[in-house]
Amino acid sequence: MTEIRYRFLRVLRDRGNVFWTLIFPIALALLFNFSFKDLGEESWKNIPTAVVVQEKNEPFESFLAAIDGELIEMKTMDEDTAVKALDAGRVSGIYYENETPSLTVASSGLSQTVLASALDSYLGNAALLKEVAVKNPEGLAAAAEALTEQNSYLTEETLGGKSYNYTMDYFYALIGMTCFFGCFTGMKLGEECTANQSVLAARRSVAPVRKSRMVLTDMLVGFSVQFCLVLVLLAFLNFVLDIRLSGNPAATLLVCACGALTGVSFGIVLGCAGRIKQSIRIGLSISVPLLCSFLSGLMIGDMKQTVEENAPLINRINPSAVISDAFYYINIYPDGRGLARCLVTLAVISLGLAFLAFLMMRRTRYDSL
Amino acid sequence: MAEEVVRVRDLVKRYGDLLALDHLDLSVGEGEIFGLLGPNGSGKSTAIGCLLALLTYDRGTIEVFGREMTPSAYDLKKRIGVVFQDVAVFEQMSVYENIDYFCGLYVKDKARRKQLVDEAITFTGLEEQLKKRPRQLSGGLLRRLNIACGIAHQPELIIMDEPTVAVDPQSRNHILEGIRELNRKGSTVIYTTHYMEEAEQLCTRLTIIDRGRSVAAGTSEELKAMIKTGETVTIEGIALDAAHLETIRSMPDVFEVSYRDGTLKIRFSGGRNHLVEVLHGLEREKITFGRVFSEQPTLNDVFLEITGKELRE
Numbered sequence: 001m002t003e004i005r006y007r008f009l010r011v012l013r014d015r016g017n018v019f020w021t022l023i024f025p026i027a028l029a030l031l032f033n034f035s036f037k038d039l040g041e042e043s044w045k046n047i048p049t050a051v052v053v054q055e056k057n058e059p060f061e062s063f064l065a066a067i068d069g070e071l072i073e074m075k076t077m078d079e080d081t082a083v084k085a086l087d088a089g090r091v092s093g094i095y096y097e098n099e100t101p102s103l104t105v106a107s108s109g110l111s112q113t114v115l116a117s118a119l120d121s122y123l124g125n126a127a128l129l130k131e132v133a134v135k136n137p138e139g140l141a142a143a144a145e146a147l148t149e150q151n152s153y154l155t156e157e158t159l160g161g162k163s164y165n166y167t168m169d170y171f172y173a174l175i176g177m178t179c180f181f182g183c184f185t186g187m188k189l190g191e192e193c194t195a196n197q198s199v200l201a202a203r204r205s206v207a208p209v210r211k212s213r214m215v216l217t218d219m220l221v222g223f224s225v226q227f228c229l230v231l232v233l234l235a236f237l238n239f240v241l242d243i244r245l246s247g248n249p250a251a252t253l254l255v256c257a258c259g260a261l262t263g264v265s266f267g268i269v270l271g272c273a274g275r276i277k278q279s280i281r282i283g284l285s286i287s288v289p290l291l292c293s294f295l296s297g298l299m300i301g302d303m304k305q306t307v308e309e310n311a312p313l314i315n316r317i318n319p320s321a322v323i324s325d326a327f328y329y330i331n332i333y334p335d336g337r338g339l340a341r342c343l344v345t346l347a348v349i350s351l352g353l354a355f356l357a358f359l360m361m362r363r364t365r366y367d368s369l
Numbered sequence: 370m371a372e373e374v375v376r377v378r379d380l381v382k383r384y385g386d387l388l389a390l391d392h393l394d395l396s397v398g399e400g401e402i403f404g405l406l407g408p409n410g411s412g413k414s415t416a417i418g419c420l421l422a423l424l425t426y427d428r429g430t431i432e433v434f435g436r437e438m439t440p441s442a443y444d445l446k447k448r449i450g451v452v453f454q455d456v457a458v459f460e461q462m463s464v465y466e467n468i469d470y471f472c473g474l475y476v477k478d479k480a481r482r483k484q485l486v487d488e489a490i491t492f493t494g495l496e497e498q499l500k501k502r503p504r505q506l507s508g509g510l511l512r513r514l515n516i517a518c519g520i521a522h523q524p525e526l527i528i529m530d531e532p533t534v535a536v537d538p539q540s541r542n543h544i545l546e547g548i549r550e551l552n553r554k555g556s557t558v559i560y561t562t563h564y565m566e567e568a569e570q571l572c573t574r575l576t577i578i579d580r581g582r583s584v585a586a587g588t589s590e591e592l593k594a595m596i597k598t599g600e601t602v603t604i605e606g607i608a609l610d611a612a613h614l615e616t617i618r619s620m621p622d623v624f625e626v627s628y629r630d631g632t633l634k635i636r637f638s639g640g641r642n643h644l645v646e647v648l649h650g651l652e653r654e655k656i657t658f659g660r661v662f663s664e665q666p667t668l669n670d671v672f673l674e675i676t677g678k679e680l681r682e
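Heads up: the protein sequence lines correspond to chains A and B, in order. The working numbering applies: residue 1 is where the first sequence begins, and numbers increase by one. The working numbering applies: residue 370 is where the second sequence begins, and numbers increase by one.
To be clear, the hints were calculated from the coordinates, so they are not data collected in a lab. Quick caveat, the model's predicted, so the values are computed rather than measured. One or more hints might be untrue.
What follows is a set of in silico ranges between Cβ atoms, one per label pair, in the way DEER data are often shown [unchecked claim]:
(1) A/280 <-> B/399: 45 to 53 Å
(2) A/280 <-> B/378: 33 to 41 Å
(3) B/627 <-> A/280: 52 to 60 Å
(4) A/23 <-> B/378: 53 to 61 Å
(5) B/595 <-> A/208: 38 to 46 Å
(6) A/280 <-> B/588: 45 to 53 Å
(7) B/378 <-> A/341: 54 to 62 Å
Every residue, glycine too, gets a C-beta built ideally from N, C-alpha and C.
Next up, chain A with everything else stripped away, as it sits in the complex:
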């Protein structure tokens, strides 16, 4: 117990390590939230538009009346006034009402494109509207109204019945990356078990403590600290950013625990790899988690799908992708078997790495210290 207590102290007081393992993911979460917050919820402001009547065109007037207040904010004015308003930016475009209506704009942008699309929509159906105006003038307004409606004949439903927000993939990948960041702590702990890494490790190595116990103690300590940091991240997402993971909380915690254990185990193996130069080990501890996170869609949302199409085995063994899949099974498409597969994969990776670390240290003597 004494050793466990002091190993906890040693890890918790390494503020630099704790800072980067926690603060970096939180900073990324803030950036994601800032970037994705308003996606799909944009509010629309009607486009201020001038109308200059050069020649009366009833079907066009009915069309403009149908979209006024929905798409545009129409104002009828004479040409001089309209041109001045366009130059001053008070209107985005000028519709000229005549036999063949036209549009004048002063710049190109979203508003101007919308006005042009609306005009194209009218011109494409101008003959129909003229026929309606002749044969059924009472129905002209309704016909113009019908032109403006966007009908969709497909509705989207998820297999699990829950709504799917693709931006959550980024947050799942972020949680996966945070779990994997346990490798930083694991590597420092592993280095302190390997006599040729430091004189401190040599002192621990000459003590009458079995290497298996040393590895297990360090795994327990590293896992506990990393798991707590992941919980802090989850709490931050949930209570500060209002990013809710809607699935089973116990399953969520189990996935985070397995992920943290995997990250720490990987780090311990790196730390115990005494034959590899420290600079290379540090490089691996940074690049491997980031690469795994990249392949699981942290930076490019479609990456995991691309990997699934071209090299699905990578997604099966990439811890970040496995964690992301597990969250998907918990929150979107409840699948007990899929979730179990993910948990077993993480557990096997963790235990395999722990065993590898033990083998690397067991009864080891070094060529030089």
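We have chain A already, so just place chain B on it with the hints.
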């Protein structure tokens, strides 16, 4: 007869083409302060590393307390304490926590451990530093902390690898006195150093090691008796001519005379003191002189005569 605590036979260790240990033989008896004396790069730390089962070696046997020393010999490791040349403590933990942690690797009983830790703190004079972190300590105090972490569990065999390097004289004296105290309490000590004065002051028996091989072994007096050099008399501020120098060279037991810049150095063989004889001779010739020194042979002289080079380059 005292039990043999450490026995090293025919130890060979190579680092690539470099022969670091060349058929090294060592024997350390119970209750000794055994000195391993040699210049930098002579193989002292390598020998210690092999002894502690940290390093591989190519040939030979190492026995501690009568049994082969291996990485999994936990019962042997429990009886050994190590003070490494470099400070080996946790930067994130206080003085007390460091000592308690390392003692805890050897002693599980909480009450006994507390007693041992308190004794180690008193022994190393760290009572006022308990809450400080290593970076807040001076070099000397850091060395004391390093020692406390290595000996807190009161081991039967203590291995100290150059523990006084870069230490101020006050701390060094404190450390040396502490080692004597540990020995008086019953610990066997293996002490490596390249400071001959420390080895002479402290060690009951010595091995001089050079290029991985033991070149001489015995007590300090036994080692000095091995060499021709006896007393060295140095006289400063003296004016001599060739006839005087010839007379001095013809004195009994003189084997080397040097005279330069007004300083005369006479080296005698044998264990007898010759200072009075020299001074009487100068008085007879009515020769005046300045300061006079008489030095008995040192381990440096032993090393120099055996290997042809200084102990400290």
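Hint-by-hint comparison with the structure:
no.	hint	result
1	A/280 <-> B/399: 45 to 53 Å	holds, 46 Å
2	A/280 <-> B/378: 33 to 41 Å	holds, 39 Å
3	B/627 <-> A/280: 52 to 60 Å	holds, 57 Å
4	A/23 <-> B/378: 53 to 61 Å	holds, 57 Å
5	B/595 <-> A/208: 38 to 46 Å	holds, 40 Å
6	A/280 <-> B/588: 45 to 53 Å	holds, 50 Å
7	B/378 <-> A/341: 54 to 62 Å	holds, 58 Å
The structure shown violates none of the earlier numbered hints.
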